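Undergrad: Line by line, the protein sequences are chains A and B.
In terms of this note's numbering, the first sequence has 111 at position 59, counting the first letter as 1, and numbering is strictly consecutive.
In terms of this note's numbering, the second sequence has 93 at position 92, counting the first letter as 1, and numbering is strictly consecutive.
Calculated directly from the structure, the hints in this document are not laboratory data.
No experiment lies behind these values; they were computed from the predicted model shown.
Ideal Cβ positions, reconstructed from N, Cα and C, are used throughout, including at glycine.
Misleading hints may appear alongside valid ones.
[What the hints assert, rightly or not] Some, not all, of what chain A presents toward chain B, calculated at C-beta under 8 angstroms:
(1) Thr210
(2) Ala212
(3) Arg216
(4) Asn220
(5) Met226
(6) Ala229
(7) Val245
(8) Leu249
(9) Met252
(10) Ile257
(11) Ile260
(12) Leu261
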Amino acid sequence: MHLSPDEIIFWQYGLFKLNATILYTWGLMCVLVIGSILVTRKLSVDIQRNRWQSLLEIIVSGIEKQIEEVGLREPRKYLSFIGTLFLFVATAALFTVIPGYEPPTGSLSTTAALAFSVFVAIPLFGIEASGLGEYLKEYLKPTFIMLPFNVISEFSRTLALAVRLFGNMMSGTMILAILLTITPYLLPIAMSVLGLLTGMVQAYIFSILATVYIAAATRANKPKLESKVIRQTSPKSSLATSHQVENKTPSNG
Amino acid sequence: MDSMTIIAVASIITAGLTIAIGSIGPALGEGRALATALTSLAQQPDASATITRTLFVGLAMVESIAIYCFVVSMILLFANPFWNHVIAQAVGK
Chain A
53 MHLSPDEIIF WQYGLFKLNA TILYTWGLMC VLVIGSILVT RKLSVDIQRN
103 RWQSLLEIIV SGIEKQIEEV GLREPRKYLS FIGTLFLFVA TAALFTVIPG
153 YEPPTGSLST TAALAFSVFV AIPLFGIEAS GLGEYLKEYL KPTFIMLPFN
203 VISEFSRTLA LAVRLFGNMM SGTMILAILL TITPYLLPIA MSVLGLLTGM
253 VQAYIFSILA TVYIAAATRA NKPKLESKVI RQTSPKSSLA TSHQVENKTP
303 SNG
Chain B
2 MDSMTIIAVA SIITAGLTIA IGSIGPALGE GRALATALTS LAQQPDASAT
52 ITRTLFVGLA MVESIAIYCF VVSMILLFAN PFWNHVIAQA VGK
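With the rest of the complex left out, here is chain A (with noise of 0.2 angstroms):
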């Protein structure tokens, strides 16, 4: 019973080893990629469109809504960040279902690389939104004694990030090798249902997660003034105002 993918190794060569946290991210790749360009090739905006076209669609508005739902005014520059974290981890926990399969974020070497990603995307994202300057200046607030404190969160936020999807990740596949030996037909069955659950909800709250720390960190030196602005000014109330000024027009004139 290996404790991660890294351990099945299937060619060696010197140094560089070929083992099923490899093989299983570049076949997720490739599908993913492959999947993805098949699809697009040919997009229509009429009523009748092609279903794959349709589910691209859902998935892609629901994680835009969901990154403006979060407090990023600008979902489309962090939508292919984001959405790339939660596909990739969404469709390894998906994968689940073939046999023979082990998500290769099972493995900590993958959600450690993970979360570094979001480790460097935030403080980029964040220098981009407001300047080196002002960015360096937030781990100063509110005062300048909790700058190790702040750093220290950082650090310990990106690795809860890595320690808690490889531990969903690879007890799912644990408990299910456990009850394979104990008992083989109905319950591990219920048991890879309740995994292929918390693998999705695993994906949802990693690129939840990472969504939050980029709003923290780009929007944290807006004047509070402006935030309450913006939020007054949002698409369904200057729709209705729209409206009134549209009704109010023909009874003027």
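With the hints as your guide, set chain B onto chain A.
TA: Only chain B this time, still in chain A's reference frame:
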């Protein structure tokens, strides 16, 4: 009792205690969070999307404590460095 037995006994007992005690706190915390979320959903049903999303994020943060305990327990059982070291020594003899 030689060192091999001591290491095995300590690892097994600690693994069991880790996951047993370590899942009490997160379970209680998640129950409280869920109860509060249900109350606020009953009071304001039209904010259900925000409440549900915040509930899930909060539950994931609390759950990660239990996951840390589970990871430590699994390491003690299946990837125990002290056990591996002692076994390597015994095989070497």
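Undergrad: Evaluate each hint against the coordinates.
TA: Comparing the hints with the structure gives:
Contact between Thr210 (chain A) and chain B, as hinted, is not supported at the beta carbon level, the nearest pair being about 13 angstroms apart and thus beyond 8 angstroms. With 8 angstroms as the threshold, the beta carbon of Ala212 (chain A) comes within range of chain B, its nearest partner Cβ sitting at about 6 angstroms, so the hint holds. The interface hint given for Arg216 (chain A) is met, as the beta carbon of that residue sits about 4 angstroms from the closest beta carbon of chain B, less than 8 angstroms. At its closest, the beta carbon of Asn220 (chain A) sits 6 angstroms from a beta carbon of chain B; the interface hint therefore holds under the 8 angstroms criterion.
Nearest Cβ of chain B to the Cβ of Met226 (chain A): about 6 angstroms, under the 8 angstroms cut. The hint holds. The beta carbon of Ala229 (chain A) is not positioned within 8 angstroms of any beta carbon in chain B (closest approach about 10 angstroms), and the interface hint is therefore violated. Interface restraint check: Val245 (chain A) against chain B, minimum CB-CB distance 18 angstroms, threshold 8 angstroms, status violated. The interface hint given for Leu249 (chain A) is broken, as the beta carbon of that residue sits about 12 angstroms from the closest beta carbon of chain B, more than 8 angstroms.
Given the 8 angstroms rule on beta carbons, the hint for Met252 (chain A) is violated: about 11 angstroms separates it from the nearest Cβ of chain B. For Ile257 (chain A), the suggested interface contact is upheld, since its CB lies about 4 angstroms from the closest CB of chain B, less than 8 angstroms. Taking 8 angstroms as the C-beta contact cut-off toward chain B, the hint placing Ile260 (chain A) at the interface holds, the least distance being around 6 angstroms. Hint on Leu261 (chain A) holds. Least Cβ distance to chain B is approximately 7 angstroms, under the 8 angstroms limit.
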